[in-house]
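Turn these sequences into a full structure, and let the hints steer you where they fit.
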Amino acid sequence: MQKFYFAAMVYILIVGLAYWVGVAMVPSTFNNLIFDQKMKSIVMHIIAPILGLSTLTYERKRIKISNMSIWSYSLYPFLYFLLLIVPTYVFGYKFLEINSDLPGTTSIPTELSRGIVIYQLVSFNHPLGYPGDIVFIKVILNILLILMSFFTAPIFGFLLRQILRISRPGEEVKKLYFVNPETKYIKNLITWKNEIIKIKNNLNKKSKDTNSKHDNYQKAMQEVQKLRDEYLAKQKDHKK
Numbered sequence: 011m012q013k014f015y016f017a018a019m020v021y022i023l024i025v026g027l028a029y030w031v032g033v034a035m036v037p038s039t040f041n042n043l044i045f046d047q048k049m050k051s052i053v054m055h056i057i058a059p060i061l062g063l064s065t066l067t068y069e070r071k072r073i074k075i076s077n078m079s080i081w082s083y084s085l086y087p088f089l090y091f092l093l094l095i096v097p098t099y100v101f102g103y104k105f106l107e108i109n110s111d112l113p114g115t116t117s118i119p120t121e122l123s124r125g126i127v128i129y130q131l132v133s134f135n136h137p138l139g140y141p142g143d144i145v146f147i148k149v150i151l152n153i154l155l156i157l158m159s160f161f162t163a164p165i166f167g168f169l170l171r172q173i174l175r176i177s178r179p180g181e182e183v184k185k186l187y188f189v190n191p192e193t194k195y196i197k198n199l200i201t202w203k204n205e206i207i208k209i210k211n212n213l214n215k216k217s218k219d220t221n222s223k224h225d226n227y228q229k230a231m232q233e234v235q236k237l238r239d240e241y242l243a244k245q246k247d248h249k250k
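Once you know that position 114 of the sequence shown is 124 in the numbering used here, the rest is easy, because the numbers rise by one and skip nothing.
Note that these hints are calculated values from the structure, not bench results.
Misleading hints may appear alongside valid ones.
Claimed, not checked - Taking CB as the label site, the calculated pair distances span: (1) Lys71 / Asn135: 43 to 53 Å; (2) Met49 / Met11: 29 to 39 Å; (3) Met35 / Trp202: 54 to 64 Å; (4) Leu169 / Asn204: 35 to 45 Å; (5) Leu157 / Asn135: 12 to 22 Å; (6) Leu199 / Lys50: 53 to 63 Å; (7) Trp202 / Met11: 45 to 55 Å; (8) Ser64 / Met11: 14 to 24 Å; (9) Leu61 / Val149: 37 to 47 Å; (10) Leu61 / Ile165: 20 to 30 Å; (11) Ser82 / Met49: 31 to 41 Å.
Beta carbons are placed, not taken as given, at the ideal position from N, Cα and C, and that holds for glycine.
In structure tokens:
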């Protein structure tokens, strides 16, 4: 369950980011929606990621995620491209051409309108929002798009695990330091600090010993003065 929970958070973040990047590229993706659809979109692409991150932050100490699990998150987006989008692009346009010359046939030119892709960002005809028709650039951007489909989920997974300090199985998360005390420079500083504390303690001890000797001296002088006063008093009585 931990793996699916963490994977769901990774995919939610990716979907939210891809959606709003697509909206920035094609504002009509959001602006043309009716009010109910806009509210659903906001819940799905803003509120859901925030709530998910909140619960993941709260539960992070109970979760263990391995490197292999994070790498496995790349399979779903990659298969999505290969098994859904690519066949649709290969065969979909041919079906649109059937009877396209008949009167009354409606033309649906864009991938968004046809429902092949949800976000403009992942269009194969205009990869990553490229509006031109240069084939070489399209090929390069499509290759980049496929690579992104494979590596984006693992990158998000590793970053999320690192930022939230989620441990791997059998691993203890080390304490978080602003300055690592294990570095040589910090170790030297700690050693010097301990030496200074020792010197200070020794000085305080010597100071206490000195004060004790001074107090003993004062007591001795008081006893001497007392004996002297008693002696002088006896001498006066004797003369009388």
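Structure-based check of each hint:
no. : hint                        : result
1   : Lys71 / Asn135: 43 to 53 Å  : 46 Å, holds
2   : Met49 / Met11: 29 to 39 Å   : 30 Å, holds
3   : Met35 / Trp202: 54 to 64 Å  : 57 Å, holds
4   : Leu169 / Asn204: 35 to 45 Å : 38 Å, holds
5   : Leu157 / Asn135: 12 to 22 Å : 18 Å, holds
6   : Leu199 / Lys50: 53 to 63 Å  : 56 Å, holds
7   : Trp202 / Met11: 45 to 55 Å  : 50 Å, holds
8   : Ser64 / Met11: 14 to 24 Å   : 18 Å, holds
9   : Leu61 / Val149: 37 to 47 Å  : 40 Å, holds
10  : Leu61 / Ile165: 20 to 30 Å  : 23 Å, holds
11  : Ser82 / Met49: 31 to 41 Å   : 34 Å, holds
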